[in-house]
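Student: These are the residues of each chain, in order.
Number of protein chains: 2
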Amino acid sequence: MRQVAVVGVGMTKFGVSEKSELEMFSEAAMDALNESNLKPKDIQALFLGNAVGGLTEGQTIIASHAAAEIGLQGIPATRFEGACASGTMAVRDAFMWVASGYYDVVLAAGTERQTVTGTAFATRIMNTGAHSFYESATGITFPGMFAMMAHMYCHKYGIPLEKLKKQMAMVAVKNHKMGVLNPKAQFRKEITIEDVFNSMMIASPLQLYDCCPISDGAAAAVIASADVAKKLTDKPAYIVGVGQGCAGGLSTQRDYTRLIARESSAQQAYQMAGLTPQDIDICELHDCFTVAEIVATEGLGFFDFGDGGAAVERGDTQMGGKVVINPSGGLKSKGHPVGATGVAQVYEIVNQLRGSCGARQVEGAKIGITDTMGGPFASVGNIILRRGW
Amino acid sequence: MRQVAVVGVGMTKFGVSEKSELEMFSEAAMDALNESNLKPKDIQALFLGNAVGGLTEGQTIIASHAAAEIGLQGIPATRFEGACASGTMAVRDAFMWVASGYYDVVLAAGTERQTVTGTAFATRIMNTGAHSFYESATGITFPGMFAMMAHMYCHKYGIPLEKLKKQMAMVAVKNHKMGVLNPKAQFRKEITIEDVFNSMMIASPLQLYDCCPISDGAAAAVIASADVAKKLTDKPAYIVGVGQGCAGGLSTQRDYTRLIARESSAQQAYQMAGLTPQDIDICELHDCFTVAEIVATEGLGFFDFGDGGAAVERGDTQMGGKVVINPSGGLKSKGHPVGATGVAQVYEIVNQLRGSCGARQVEGAKIGITDTMGGPFASVGNIILRRGW
Numbered sequence: 185m186r187q188v189a190v191v192g193v194g195m196t197k198f199g200v201s202e203k204s205e206l207e208m209f210s211e212a213a214m215d216a217l218n219e220s221n222l223k224p225k226d227i228q229a230l231f232l233g234n235a236v237g238g239l240t241e242g243q244t245i246i247a248s249h250a251a252a253e254i255g256l257q258g259i260p261a262t263r264f265e266g267a268c269a270s271g272t273m274a275v276r277d278a279f280m281w282v283a284s285g286y287y288d289v290v291l292a293a294g295t296e297r298q299t300v301t302g303t304a305f306a307t308r309i310m311n312t313g314a315h316s317f318y319e320s321a322t323g324i325t326f327p328g329m330f331a332m333m334a335h336m337y338c339h340k341y342g343i344p345l346e347k348l349k350k351q352m353a354m355v356a357v358k359n360h361k362m363g364v365l366n367p368k369a370q371f372r373k374e375i376t377i378e379d380v381f382n383s384m385m386i387a388s389p390l391q392l393y394d395c396c397p398i399s400d401g402a403a404a405a406v407i408a409s410a411d412v413a414k415k416l417t418d419k420p421a422y423i424v425g426v427g428q429g430c431a432g433g434l435s436t437q438r439d440y441t442r443l444i445a446r447e448s449s450a451q452q453a454y455q456m457a458g459l460t461p462q463d464i465d466i467c468e469l470h471d472c473f474t475v476a477e478i479v480a481t482e483g484l485g486f487f488d489f490g491d492g493g494a495a496v497e498r499g500d501t502q503m504g505g506k507v508v509i510n511p512s513g514g515l516k517s518k519g520h521p522v523g524a525t526g527v528a529q530v531y532e533i534v535n536q537l538r539g540s541c542g543a544r545q546v547e548g549a550k551i552g553i554t555d556t557m558g559g560p561f562a563s564v565g566n567i568i569l570r571r572g573w
Numbered sequence: 185m186r187q188v189a190v191v192g193v194g195m196t197k198f199g200v201s202e203k204s205e206l207e208m209f210s211e212a213a214m215d216a217l218n219e220s221n222l223k224p225k226d227i228q229a230l231f232l233g234n235a236v237g238g239l240t241e242g243q244t245i246i247a248s249h250a251a252a253e254i255g256l257q258g259i260p261a262t263r264f265e266g267a268c269a270s271g272t273m274a275v276r277d278a279f280m281w282v283a284s285g286y287y288d289v290v291l292a293a294g295t296e297r298q299t300v301t302g303t304a305f306a307t308r309i310m311n312t313g314a315h316s317f318y319e320s321a322t323g324i325t326f327p328g329m330f331a332m333m334a335h336m337y338c339h340k341y342g343i344p345l346e347k348l349k350k351q352m353a354m355v356a357v358k359n360h361k362m363g364v365l366n367p368k369a370q371f372r373k374e375i376t377i378e379d380v381f382n383s384m385m386i387a388s389p390l391q392l393y394d395c396c397p398i399s400d401g402a403a404a405a406v407i408a409s410a411d412v413a414k415k416l417t418d419k420p421a422y423i424v425g426v427g428q429g430c431a432g433g434l435s436t437q438r439d440y441t442r443l444i445a446r447e448s449s450a451q452q453a454y455q456m457a458g459l460t461p462q463d464i465d466i467c468e469l470h471d472c473f474t475v476a477e478i479v480a481t482e483g484l485g486f487f488d489f490g491d492g493g494a495a496v497e498r499g500d501t502q503m504g505g506k507v508v509i510n511p512s513g514g515l516k517s518k519g520h521p522v523g524a525t526g527v528a529q530v531y532e533i534v535n536q537l538r539g540s541c542g543a544r545q546v547e548g549a550k551i552g553i554t555d556t557m558g559g560p561f562a563s564v565g566n567i568i569l570r571r572g573w
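Same order as they appear, the protein sequences are chains U and H.
The opening position of the first sequence corresponds to residue 185 in our numbering, with each subsequent residue numbered one higher.
The opening position of the second sequence corresponds to residue 185 in our numbering, with each subsequent residue numbered one higher.
Treat the hints as calculated values from the structure; they're not laboratory data.
Possibly wrong hints are sitting among the right ones.
Put simply, identical chains are the same to the list, so a pair is met inside one copy or across any two.
Stated by the list, open to error - Straight-line distance between alpha carbons at most 25 angstroms, and here's what the computed SDA-like set of lysine to any residue pairs gives:
1) K373 with M354
2) K225 with T376
3) K373 with N218
4) K414 with M185
5) K361 with T460
6) K203 with S320
7) K415 with A304
8) K340 with G258
Quantities reported herein were computed from a predicted structural model and do not represent experimental measurements.
Model the full assembly from the supplied sequences, consistent with the hints where possible.
Tutor: Pasting the structure below:
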């Protein structure tokens, strides 16, 4: 298979938007194309992540409409859906169609507009990711699932709940601190541990500030063969590893602190890249809830199982730490328009590798990994990017 | 890229089912695996077409749940959505992951349960395939779009509407005649031209019997590298060409009798296969409405533009004709559980190549093509299969 690189990226501001999913897609896509010195007609295929547009905007087959929105017809345009992991699925698949030699230049993107339905209905819509027979019917929602993850984590490792709660709050504080430095982030406000503890209880032990927001936004990445990439940019970011893994609903998983989907996916990505977790400088991961960040840092191999919470306390995940986790502010602060999230993680890693992140720049970042999780811990995707210059 | 083959196929009966999309998937998938002499653990990735499960069953990220339903975890499981073309997108993508050399054995499948919501809501759900801003809001539905196609066809080629209506009715009669011979078909009842003309008017000139039904069902295909295929079966059906094309909504298309999406897709597939329309023995195509079959036979290159209706009258598309169209009974008679349709077309072609179709067998069929269209003529996929023995 051929070497593959990201040559240009684009992203809307995340937050509350009056634009449609198609309009936000266009904005991000045209930014990515402009950065790549390409025009829409240079794109050979579109790979689009979108999780719930059928339920929020009443729009299915959105990839075809999106392609046409930027003037493209005739090319293959495919929607990928794996709940919150949709965007990463699109990037991973785009990678393969270029790596195989079939296409030279393609566009991977993600778009999602979720604030339009209001929070209550948005929560019900997200719940379609749960198993429709065995889970949704019980009344459990995603905050409830991640609350169970937190309790299981404490139980398994003998960590007092109050201790984990403080570590989780420190994740929120860290990610908000980074979000202040990201002009595309939804929340640009520092918070304190006390703010977290004083916020509304959502699903014990998760309080409001342990939860990422509901968001609108889009992101896009132009992906090309290494040969083409070299002609378009002097800073190509090589995609050196991809992975994707699945699990069924909660009833098919025994241990919510060790996710089958992630451990399989990460292994695939590291193996393809010939890298280990110790080689990673920066990581954009799926902190939909603060506890999810702690569990993800362990599943990705950065810390021993059971040590992820302590690692936060040691400062290992913050700017200047062992591996900088979510320099963009993460889902928690940057926002989480679900179908766009995986592509926005690629946007951040590419910009970090380029050294173009300004005040939130991780000095000398050479290798980064993304991590996106969908559904009841039911799908995880990973993309490893390496500086190509 | 490597040669790729279908080694085993499975399919539920199409019609009205009390089973869920996951249960129907399991049935089709296990049939395909059994026929391939494989077990679930042999499958390296799942590619699943599903169009509107989020709206009908409240189930998203269905590919992960589907994988788990047959005991698979850890592997990548991806849902593909392009309205009625979803299943073909899954097959085409599965092809690439094997052709590239990355996987040796994967499962492509489609599942859809649409009768559960009732016809009125099913129509609204299908309408999410239209452009949510420019089309859905106008009140147009898919029968209306294909009615416009029929009127434009008559206008463009100077064909009296009554003449086209008879040709369309002959499509329905032909496909019902084949459906009688297909034990998996939803409708196994011969109809007459008079039955069509006496049926309820839906969207002039389309009457009830010009329209395919709303259906439940699933289909699956095990796809492997040629080397692996040879070990598993003495009758591999090679995938020798794939294509996919898009268009935007109706407002982006000038001529509904010449579909941008199909003409691009078919060209890609024929070119990859090194074949022409004259090489094709059998074709399973997207007769969601009878006029759609006529237009498709022209877009696929079997007949001159404007001659598709006359071809039906000449008997060119029936058993024993120049190219047998929809030997399975087509969407019109076999049924159209949308996400499953593209995979079910592969199921029929593979069985025709094998000579295992009994009373509906097309003698000596060696090369077949599938054609699946989604949305407002917004996506078309094609798969060309060739007998491998």
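Student: Evaluate each hint against the coordinates.
Tutor: Hint check:
no., hint, verdict
1, K373 with M354, "within (15 angstroms within a copy, 67 angstroms between copies)"
2, K225 with T376, "neither (48 angstroms within a copy, 48 angstroms between copies)"
3, K373 with N218, "neither (31 angstroms within a copy, 57 angstroms between copies)"
4, K414 with M185, "both (17 angstroms within a copy, 24 angstroms between copies)"
5, K361 with T460, "neither (28 angstroms within a copy, 61 angstroms between copies)"
6, K203 with S320, "between (30 angstroms within a copy, 18 angstroms between copies)"
7, K415 with A304, "neither (48 angstroms within a copy, 54 angstroms between copies)"
8, K340 with G258, "between (53 angstroms within a copy, 22 angstroms between copies)"
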